[in-house]
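Asker: Residue-level listing of the chains:
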Amino acid sequence: MTGDSVAQLSVAVEAVLGAFTLQASLEVGGEPLALVGPNGSGKTSLLLTILGLRRPERGRIVLCDEVLFDAALAIDRPTEERHLAYLPQDFGLFPHLSVIDNVVFALACRSQRASAKQRRDEAMTWLERFGIGRLASRNTAQLSGGERQRIALARALASSPKALLLDEPTASLDVEARVEVRAFLAESIRSLGLPTILVTHDAKDVEALASRVAVLEKGRVAGCGLLGDIRQNPPTSFASKLLESSRVAGASEIAGPFCTGDACHN
Amino acid sequence: MAHARSRRLYDTAMVGLGGILLLFLVLPFVALVLDGGPSAILRGLGCSLTWPALRLSLGTTLISVVLVVVGGTPLAWWLARSRWRSARWLEILLQLPVVIPPAVGGIALLLAFGRRGLFGGALERLGWTPAFSAVAVVMAQVFVSAPFYLQAAVQAFGRLDPNLLAVARSLGASPPRLLFRVALPLARPWLIGGAAMSWARALGEFGATLMFAGNMTGKTQTLPLAIYTALELDIHTAQALSLLLVSFAFALLLLLRRFNRDPEVARRLATP
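Those protein sequence lines, which keep their order, are chains L and D.
Numbering of the first sequence is given in the working numbering, commencing with residue 580 and proceeding in unit increments.
Numbering of the second sequence is given in the working numbering, commencing with residue 36 and proceeding in unit increments.
Okay, chain L solo, but in the shape it has when bound (with noise of 0.2 angstroms):
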């Protein structure tokens, strides 16, 4: 794959959930993972432990070379020093905050020593740079799904992560600025070249946002490969009915390396 060589955030865990056992293997590199999968199949749970909210019985996770946890060696990175931006699916913008405090408030966690001046500039730079100036000193509360989303990316990047993680990217949004904000995180994504994982329902989203998929079943990976593979040859019924409806569409895919079971490598 392209992008693998760049960076790449590996994940192999085993963690105990309420009905059945997290055990999940993924490689991400250049290329944006979907992780799909029905209602309590774990999706969430994994990209809680990847972020180091859940901790995780066995296994072991490494991000550009860089040890985030390791059951075997007692390493187990706080949140706060795994440099992995997280989206969750209401965007979780401070509420207390203006829009561009919203994203001084990220340059501020990684960087004691600048200014506030330095700060405030480098955040409006960040704004900018998503086409949101102007929404600058406003509260957040007032901005439309759209508006927020790209506060959330410009805020995230901000922190310069060095993974994305996305939860329901579009789930909140109505269906007018999902098309927006899909086009638009699409590009992002395409352009950023963050290794980066995608929890949705939507085949949508995996059509524009993911060139790989992962079926998560029971906690399980039922199967990963490329999005025309998995499509062609869905592991699970419920991958086969999420992606039928978009059959038609993907027949650009190039066909690559393919497989099932618990580890998904490239």
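Covered stretches of chain D, going by a simulated chain L footprint (3 or more residues, C-beta under 8 angstroms):
1. 196-204
2. 217-231
Looking from chain D toward chain L, a few residues come up when the C-beta cut is under 8 angstroms (computed):
3. Gly-207
4. Ala-208
5. Ser-209
6. Arg-212
Taking beta-carbon pairs under 7 angstroms as the criterion, some of the chain L residues facing chain D (in silico):
7. Leu-632
8. Thr-658
9. Leu-663
10. Gly-671
11. His-675
12. Ala-685
13. Cys-688
14. Arg-689
15. Ser-738
Keep in mind that the hints were calculated from the coordinates and are not lab data.
Ideal Cβ positions, reconstructed from N, Cα and C, are used throughout, including at glycine.
Got chain L; can you put chain D on it based on the hints?
Answerer: Only chain D this time, still in chain L's reference frame:
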């Protein structure tokens, strides 16, 4: 038809019941304000008990509420986030003073820290005898009022959107930054509400103070104790002191309403 009639009867009965309760609650206040007229009340305020008690009440409750907030906030933050089973038990045990009669709390404090108490000897050797001093007043107030703030703060922190905290941490927020820049500003309206409740409780503290700190004018005699003392001298003095206390309570109530009506509060609530 019969259904509508019984429904109407039920409504009427409840309105009546509510009215009776309202009268029962309001009439004493009417009497408190009107009885004797302004001149009797003004004369009461001029009593020698008033100003020392007012000064002591304001001073000690202010110290108490600061102690409770400064100590209670980090503790509540930890309690709200800890997954330990022992944290749940600690939370329940810390609520005990709410259900214990204050007089019992006062006796317990006396038996623990009084001159002849369990730890009184050790404290005395260190040159410190808290019982029957202003320090004892503060101790009694903290004892009875801390749980009110703690409960409000634990609930406030527990209601914060976990996604916001997760995002803050993913952006690199250290634990202190997470508390001071995210959790505290978001929970502020409820923390202030809790502190006001706690202050009101400390201001009204009587039983524990009487048992543990005594009733010495200018030294340990807070407003509620002064009211008790004044009652034996002249009812209008007691009335005047009571009005003073009521006006403070009313001011607090207004403050609470001000914060609960804050439109920001709705936005700061956890979103499902």
